[in-house]
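Could you build the full structure based on these sequences and the hints that come with them?
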Amino acid sequence: MKINIGYPIGPVKAPSNSNYSFMKKWIQTLLFFMCTLIVGCAQNPPASLPEVKEQAFNKKLLSLLDFSVPLIGVKELNQEMKKAHWILLDAREWEEYEISHIIGARFAGYDHFKIDEWKDLQKDQSIAVYCSVGYRSEKIAKKLEKEGFTNVYNLYGSIFEWVNQGYPVVDSLGQPTNSVHTYNEAWSRWISNGKIVKIW
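Residue numbers (numbering that gives the first Met the number 0): 0 to 199.
It is possible that part of the hints are untrue.
[Stated by the list, open to error] Below, computed lysine-lysine pairings styled on BS3-like, alpha-carbon distance capped at 25 angstroms:
1) 74 / 58
2) 52 / 74
3) 122 / 141
4) 113 / 138
5) 113 / 81
[Stated by the list, open to error] Pair by pair, the computed Cβ-Cβ distance ranges are:
6) 52 / 185: 17 to 25 angstroms
7) 43 / 150: 29 to 37 angstroms
8) 118 / 57: 28 to 36 angstroms
9) 50 / 149: 33 to 41 angstroms
If you're looking for bench data, these hints aren't it; they were derived computationally from the structure. All of these numbers come straight from a predicted model, not from anything done at the bench. The beta carbon of each residue, even a glycine, is placed where N, CA and C say it ideally should be.
Here is the structure:
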């Protein structure tokens, strides 16, 4: 087939019906596979989800997360921490971490998270990342996975569910507290246990 480069010489012929039909089918097929690929990238919730105290909160979590990293429930994490060494990373901002955090959790942040600060950890170290409800921690956990960490989990329901189920948190001095920063007023509704601190 000869291809003219530049301006056509003489009248331009409309494509034949057979060529047009072929191109139309080819484009439709391409679009179909692109849509299939995009839909395939979205993750479905696992068949068995960790226990959450309130079903309304669980429904909210299902709408927020993309389930792109493994989950661990608060009860399971509490049991696992008694048997083995886990690294807990708090993916909230400093003012939230200061009010309360899970005992032993290290501040990681979200807006200014730096992957380089965690390269001293073993790639196969058990790591649980949490935030308020699990949205921010899921994003940070994905960054860790991309860096080659192989045993990273998102704490399902995060610190909200942790305190809702009665597990302890400490303040910036390491003292037990029942206070929790709820990020903003709208998120306060998902705390059913503990004292809500309003700093927004």
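Hints, verified against the model:
Annotation: proposed proximity of residue 74 to residue 58 holds, straight-line Cα distance about 19 angstroms (limit 25 angstroms). Of the pairs offered as hints, the one joining residue 52 and residue 74 holds, with about 11 angstroms between alpha carbons and a cut-off of 25 angstroms not exceeded. Between residue 122 and residue 141 the CA atoms are separated by roughly 14 angstroms; this keeps the pair inside 25 angstroms, and the hint holds. Of the supplied pair hints, the one linking residue 113 and residue 138 holds, its CA atoms being roughly 13 angstroms apart against a limit of 25 angstroms.
Restraint check: the Cα-Cα separation between residue 113 and residue 81 comes to about 29 angstroms, which exceeds 25 angstroms; the hinted pair is violated. The hint said 17 to 25 angstroms for the Cβ distance between residue 52 and residue 185, and at roughly 19 angstroms that hint holds. The hinted range of 29 to 37 angstroms is not satisfied by residue 43 and residue 150, whose Cβ atoms lie roughly 22 angstroms apart. A hinted range of 28 to 36 angstroms holds for the C-beta pair residue 118 and residue 57, which are about 35 angstroms apart.
Between residue 50 and residue 149, the C-beta spacing of about 25 angstroms breaks the proposed range 33 to 41 angstroms.
The earlier numbered hints that this structure contradicts are 5, 7, 9.
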